[in-house]
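Chain residues, written in single-letter form:
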Amino acid sequence: MWAPEPAFVERESHPSQRFSLHFTPQREWHLWHALWFWAMGIGSGVFLLRQFFALEQTGTLLGMDWPDILGIVFVAIGGLILILDLGKPQRVFNALLQPKHSWISRGAIADFTFLFFGALYTLAGWFSLPWSPATFVHADLVSQIFIAICTLTAFVIMLYPGFVLYESLAIPFWNSVLVPALFFELAITSGFGLLLVTMAATGTLTAAVLTPLATATLIANVVTLLTVVLYLFDRYKSPRPAARVGLQRLLTGKIAPFFWATAVLGLIAPVVLTALALAGVATVPLLVAGGVLAILGSFGFRYVQLLSGVRQTAVL
Amino acid sequence: MAVAETEQKPIVISPKPDHIPHWGMVIDLNRCIGCETCAVGCKIKNNLADGVWWNRVLTIGGDGLDVADGSVEQPRAYALPLSCQHCENAPCLKVCPTGATYRTADGLVLIDYNKCIGCRACIQACPYGVRIFNEEQPKHEYTDFDLGAAEALPHEQGVVEKCTFCADRLEQGLDPFCVDVCPARARFFGDLNDPDSEVSQLIEERHAETLHPELGTKPSVYYIPPEKVRTHPTGLDRLQLNAADVVHE
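First to last, the protein sequences are chains A and B.
Taking the working numbering as reference, the numbering of the first sequence is continuous, increasing by one, and the terminal residue is 316.
Taking the working numbering as reference, the numbering of the second sequence is continuous, increasing by one, and the terminal residue is 249.
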């Protein structure tokens, strides 16, 4: 019995290579997509966490809370990157047309909705608008409606890039249900990171909120780290050869230095630093350092995950 | 070739009133000689830009074009023409956020270039790798005049392209161009809904298979595997190409 064993070609350097069978890395989505995923994740994450922990004192700019401002700005930046990366940016509103079956469409609707209602909610801190900029538990009905809409859309924003990758059938390395879960978790860990850095910078990281925030951050970081391990194992067990080729590229191939740097500095170090902070060793500086590394790790993992996407071949 | 966006209209194949066909293709890999005529014919007919191929003929064997695997005494290779499979359950259609990728009543998966935003999600979703993104303005450096049929779709920057089964020719009652130009008569085209059609009978009698059936995409392009034996039901990757076993008619 003969089964062809395609070689892995880093780049189809010669035109004739397009006419033979081999594994190649996907070339469509790279740095800009990683930035898009990261910015939207961190933006929606930080916005959501302020509401979840009902943080009223997080520092303000022009009367608006920093986490809300940063949340909206990061989601807007992510959206802008997404639009500029399109082949036809001027047609971006076409992307709103197929929410029934396209995750990009659902995500685009969630982005615009989040930005609109998030901006309305946040601007109440600057202008005298007939609703409150307080968190959900202390807000009036109008603000609670705005926050509820933003919370729902923030969940979609955190998840949908993961589902976009999951449904990319040509890239088996991404076809794992753990990918959307990972995207959600990375959004949460980077959101925690940004929240801690912001609160530390504005002097609002008080003893009252420090322990619950640090504990939740530690749990999020540990869960994310475990999910990454589980995801890599899941891809190793995949019956589709391109998934294993992608994993090999990630762990031992060209991407390996980036991956291991991300794993050590961006996934493991935040766990260690946050645990040390909780143990009472130089608490705030360690939390901030862990937060910064988690933010970088959130970007780094998304980037290496994109780079490791290997296209399957037509017959294997 | 710069073309105004308004010039292109989506092609809608009108089914006959009494019968809706499901267009499909059968490619006999025993007959295919890997001459690339279908690929070049497609490129000319559709006026494809430099570097754009809607139809490729892959060498399955060694790691280069027309390179065999195996030994000098017993080389092993076959050619696999590859273009859009016009899947019934097309993953590209599912991920398209704009509805630019659509399916006609008679089974063609087409792209409306006026709706496409160039997000490339369909490229990542297509397990056959047959979609191509026009990152730059399509160029035709080797000819200073337009090639191809007058009905060929115009090409523009920033959108995704692929094979249309020559939908414009189907409207005229003709077969796709690759079918007509194949010198080895390896390609057959017809109605998969008609059990008496040549393609339906070939699929039945010659045990034709689709690529990656395990993915559930239900392609409309079938392949008769090399050799006259039924291959592994999950694809063409378990081929017995031992020269001593080849049955010569």
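Calculated directly from the structure, the hints in this document are not laboratory data.
Heads up, some of the hints might be wrong.
[To be verified] Have a look at the derived ranges for each label pair, beta carbon to beta carbon:
(1) B:Tyr102 to A:Phe155: 28 to 34 Å
(2) A:Phe116 to B:Arg31: 44 to 50 Å
(3) B:Ala105 to A:Ile219: 30 to 36 Å
(4) A:Phe8 to B:Glu141: 27 to 33 Å
(5) A:Val222 to B:Glu135: 30 to 36 Å
(6) A:Thr211 to B:Gly51: 58 to 64 Å
(7) A:Phe8 to B:Phe145: 36 to 42 Å
(8) B:Gly51 to A:Pro285: 50 to 56 Å
(9) B:Arg103 to A:Ala261: 51 to 57 Å
Ideal Cβ placement from N, Cα and C applies to all residues, glycine included.
Do the hints match the structure? See the list:
As the Cβ distance of B:Tyr102 to A:Phe155 is approximately 30 Å, the hint placing it in 28 to 34 Å holds. At roughly 59 Å, the beta carbons of A:Phe116 and B:Arg31 sit outside the given window of 44 to 50 Å. Checked against the hint of 30 to 36 Å, the C-beta distance between B:Ala105 and A:Ile219 comes to roughly 53 Å, which is inconsistent with it. Between A:Phe8 and B:Glu141 the beta carbons are some 31 Å apart, a value that agrees with the proposed interval 27 to 33 Å.
For A:Val222 and B:Glu135, the hinted distance range of 30 to 36 Å is not satisfied, since their beta carbons lie about 41 Å from each other. In this structure the supplied range 58 to 64 Å holds for A:Thr211 paired with B:Gly51, their Cβ-Cβ distance being about 59 Å. Separation of A:Phe8 from B:Phe145 is about 41 Å and conforms to the stated range, judged on CB atoms against 36 to 42 Å. For B:Gly51 and A:Pro285, the hinted distance range of 50 to 56 Å is satisfied, since their beta carbons lie about 53 Å from each other.
One distance hint, 51 to 57 Å for the beta-carbon pair B:Arg103 and A:Ala261, is violated here, with the actual separation near 45 Å.
Checked against the numbered hints above, the structure violates hints 2, 3, 5 and 9; every other hint is satisfied.
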